[in-house]
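Asks: Residue numbers (the UniProt record's numbering), protein chains in the order written: chain U, 1 to 613; chain F, 1 to 613.
Relax, there's no trap hidden among the hints.
When chains are identical, the list treats them as one kind, so a pair holds in a single copy or across two.
Okay, derived cross-link-like pairs now, EDC-like style, lysine to aspartate or glutamate, Cα gap no bigger than 16 angstroms in a straight line:
| id | residue 1 | residue 2 |
| --- | --- | --- |
| 1 | LYS126 | ASP325 |
| 2 | LYS126 | GLU335 |
| 3 | LYS599 | ASP536 |
Derived from the structure by calculation, the hints contain no laboratory data.
2 protein chains.
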Amino acid sequence: MLQYALLHLFGYAVSMDDLKSFRQVDSITPGHPEAHDTPGVEVTTGPLGQGFANAVGLAIAQAHTAAVFNKPGYELVNNHTYVFFGDGCAMEGIASEAASTAGHLQLGNLIAIYDDNHISIDGDTKCAFTEDVMKRFEAYGWHTQHVENGDSDLEGIEAAIAKAKEVKDKPSVIKLTTTIGFGSLLAGTGGVHGNPLKADDIKQVKEKFGFDPEKTFVVPQEVYDMYHKHAAEGAAAEQEWNKMFEKYGQEYKDLHADFARRLTRDLPEGWQNKLPTYKPTDAAVASRKLSESVLEAIHDVIPELLSGSADLTGSNNTRWKKAVDFQPPSLGIGEWSGRYIRYGVREHAMAAIMNGLSAYGTIIPAGGTFLNFVSYAAGAVRLSSLSHQRVIYVATHDSIGLGEDGPTHQPIETLAHFRALPNMMVWRPADGNETSAAYYMALTSKQTPSILALTRQNLPQLEGSTIEKAIKGGYVVLEDKEANVTLVATGSEVSLALESVKVLKEKNLKARVVSMPCTEIFDAQDKSYQLEVIPDGIPTLSVEVMSTLGWEKYSHEQFGLNRFGASGPYKEVYKKFEFTPEGIAKRAALTVDFYKDVKPLRSPLNRAFQQLI
Amino acid sequence: MLQYALLHLFGYAVSMDDLKSFRQVDSITPGHPEAHDTPGVEVTTGPLGQGFANAVGLAIAQAHTAAVFNKPGYELVNNHTYVFFGDGCAMEGIASEAASTAGHLQLGNLIAIYDDNHISIDGDTKCAFTEDVMKRFEAYGWHTQHVENGDSDLEGIEAAIAKAKEVKDKPSVIKLTTTIGFGSLLAGTGGVHGNPLKADDIKQVKEKFGFDPEKTFVVPQEVYDMYHKHAAEGAAAEQEWNKMFEKYGQEYKDLHADFARRLTRDLPEGWQNKLPTYKPTDAAVASRKLSESVLEAIHDVIPELLSGSADLTGSNNTRWKKAVDFQPPSLGIGEWSGRYIRYGVREHAMAAIMNGLSAYGTIIPAGGTFLNFVSYAAGAVRLSSLSHQRVIYVATHDSIGLGEDGPTHQPIETLAHFRALPNMMVWRPADGNETSAAYYMALTSKQTPSILALTRQNLPQLEGSTIEKAIKGGYVVLEDKEANVTLVATGSEVSLALESVKVLKEKNLKARVVSMPCTEIFDAQDKSYQLEVIPDGIPTLSVEVMSTLGWEKYSHEQFGLNRFGASGPYKEVYKKFEFTPEGIAKRAALTVDFYKDVKPLRSPLNRAFQQLI
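Chain U on its own, in the form it takes in the complex (with noise of 0.2 angstroms):
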């Protein structure tokens, strides 16, 4: 209520309106703030720590934005991000693991509000959070203040935050000493944490204030007026900011150009000219490598591209050769003009920082782990797909095909997950062509977020496979128009279903193979051409090697792994759980026997009615 409040006295596009339809269906003004939905929200927060990671993202925006476009006189980009943290979000690990990453970074442009009114909603912090938290802050490597009375000292706070300006190698945290719902009959009890104040208790506060009591949903003129005095001046540094932006362009064309462009989110003409194609007769190189040469074939034609991993680098392949590190220049390990992320083993922050280098408009932000630690990240990925952020999850290791790791890093459940996510793209290619068509749909997809599933091992070019299909989703890689059966596969088993058309021959059947590797992008396509892909009249068996979780709304039966998997070569756990050319035939055989006599034998794309979306 807070945010939307000075939105609305600071002359945003939230009237009084949108704030008495605060939490009412269809308002602006949801229960948390969302980013896409409400003029002036920066970002989606309200599950904990978000928010905080989210500033890290933003800080690491501006030092390489700064980085890459500041030229002396134009100091085009050089915001601090505050961010307004509690309790709640201190005790999180994803704030931990942000904030020991700027502390790292020696993002000196952060500067961080901890509101410590030692009340969460179980209630007094005493019971759970005992902490020194500014203590564990120093630990990171961050500037600490203490301002006591963060109740009513506004100078001590103004001081904090000028002195905090000053520090210029480190980010910086004030830790205000408040007391929850300051002012209220219930001030510093969880009473004030989440409920409206009640009738009595609203009149005292506002006379406490000097406001009428009897009153509501009205600001003095002269509040109105104070805030858009701010208000004209801002717009007139804007108008400032506009002039030395044009002057900027007379000296600096190409420079001015590239981030005109990078604020309307479209990417330089022609760069998709630089995506790799295969033919079926190149070698067999598996999804994590032909995703590394995208990255290496496009870097230079998207300069806003920002890679990078969570401590797997080497496994994720996310980094061109001649990449270099966005580090902080002091530690001789990198540049604030670098473009390859360090985000250590810290997934959950990593993914919440890749929202906020998307949000803050100049970047496209990549970032690698196995595709089952990205479930580590579960709850920043969600606010990805919620706020439309164009981020890019390079998800390696996709599936029991990893091998001797085993099944704690062989995913099951995850595309499932991932694919039950609106708004969210989860790619699986199978080849080359289809990994340069996921990055294509992932870079052109200015509003989705996508996770790009990639394996460890080799997968052979598919005959029959392009961008241009592929970037339907779903496509028919090998057509035979008396075929039995449709198979349908993504990523590693689509090579294997298309082996396993021969051994259906040697059974007197005839198959035909669909390559479907994203589902989302294939539900957007025209009935009719889906019907062409998966047609009604023969039957149709899914292969994926994890969970069938959601395959029956595209075949009539599923080949998958609704088990955990096995450690070992992967060869031999293939083969451990059936996935071979034979065990595909074998299932097919069976899928065609059972569906013989049902007429009509509907695709089962056919549905009674349309879901709301």
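Here the structure of chain U is known, so what remains is to put chain F in place on it, guided by the hints.
Replies: Okay, now just chain F, sitting in the frame of chain U:
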């Protein structure tokens, strides 16, 4: 590998052949240790930070169990818990959360050894991790020590451990500065992290440490002798303990019986008679409150049940009225024998701590958060399943029915995610009897964790629900032998589906209604029972107010929510998305019409082949 080798040396059932099968299919020595598969492995680790948090759970379990059972002269439970962690673990948020918790709880029985070799997979930790880890642990309230030569100062290490044991009111961390791959030609580099040494390197390492370089998989007899001597001492101590325990039984008969019973993981006889049951005339109650009633009713008869919440006690309703907090007595707000854990806003650590509590063997942990934030804990929830821990997740505010908090808090993908996770029971009870059934199954399934998805809003008590029916996972709540359609629903949507039957009647359509509180348990029923519930011949429509993903397995058509929700009073939100009797009836009618020509119209439960399990 170190764990397996030590288990072998100490005489656990890990043979030399098992060691030779390291990371091979069907071995008991998978790439990362799994508690369920390998004798002597106490918790399943590998995913970073989990082991650290498991250790905090084991230490809590020790402190609690000692407080309950130890008596003068009978120190039944007095073990320390030791955990090794590396730089990668130290970076993970889950470890930060767990360390803060352990410091708050003053767990003097916990000794963590920090293998600080300055190398993670990305190379030197200076690229991402430059914080002062010991200072951070001090901030958490830990006792810290540093052994500078962790490679070979064995006396220093032993002295540090001895000192740590003396510290009774704080957990201890001992930082060992070490060299990764000590002795190898690649010592001090990331090259020895996950890769076997090359032949020449193995040779020189063996020579360096006085082994015969030509021999492999050989343990000198004097080494076996030394370890077996230790093992024999352990076995003798166990005999002593058994004697003491027998004597304890003479003096403390009930406690002895309780302790012995807990170790079998059986529940006390007749406990289930305490489960609340409801009649249709009973008041409508939110299932989070129904869950509270279960805890209130059973906590006395199941003394091993330890509840808790990640700072949402009043919302999760996880605390029985007379509960005593588990706290260090010095804080004055609880006791070691307390059975309510204040986890703080630390969902991921809570889950991993619960895995440790369960692994200890004398405790059944239940912990609350909003269903949406079980996702923050996904990494540890997965290990509850993989390691067969009886852990209960009390996941309230289970849908858009939470209302005003809005989309940031409203689960859409969450149930699909956890239904896709093997060995996890996801329960979404529709009323009081089903809530009792969920607890019955959660408590009696010794090797399977459960997520109980519970409403914030009130639910009517259904006519036709009983515990006996509900523990089958799915059952007919309203039968009609002439039905045109089966409606299958869960939780808050079951009563809506029942109301829609009246609306359908006006359209001259007859419907039967199935409640499906737990698909995983329904899957385990006989096929003939399953087909009674979801029969051939008429179409089935599923109704659940979140992602439809996976419901195709149980229904021909699906009514759900494949988009994010909305902030508002919950009835308004339900109406917006047409989750009303009319909205359901409309889709049921479309479903009947759509399938009228399909012959034979099979139940979706009929499949062409069985899944591998």
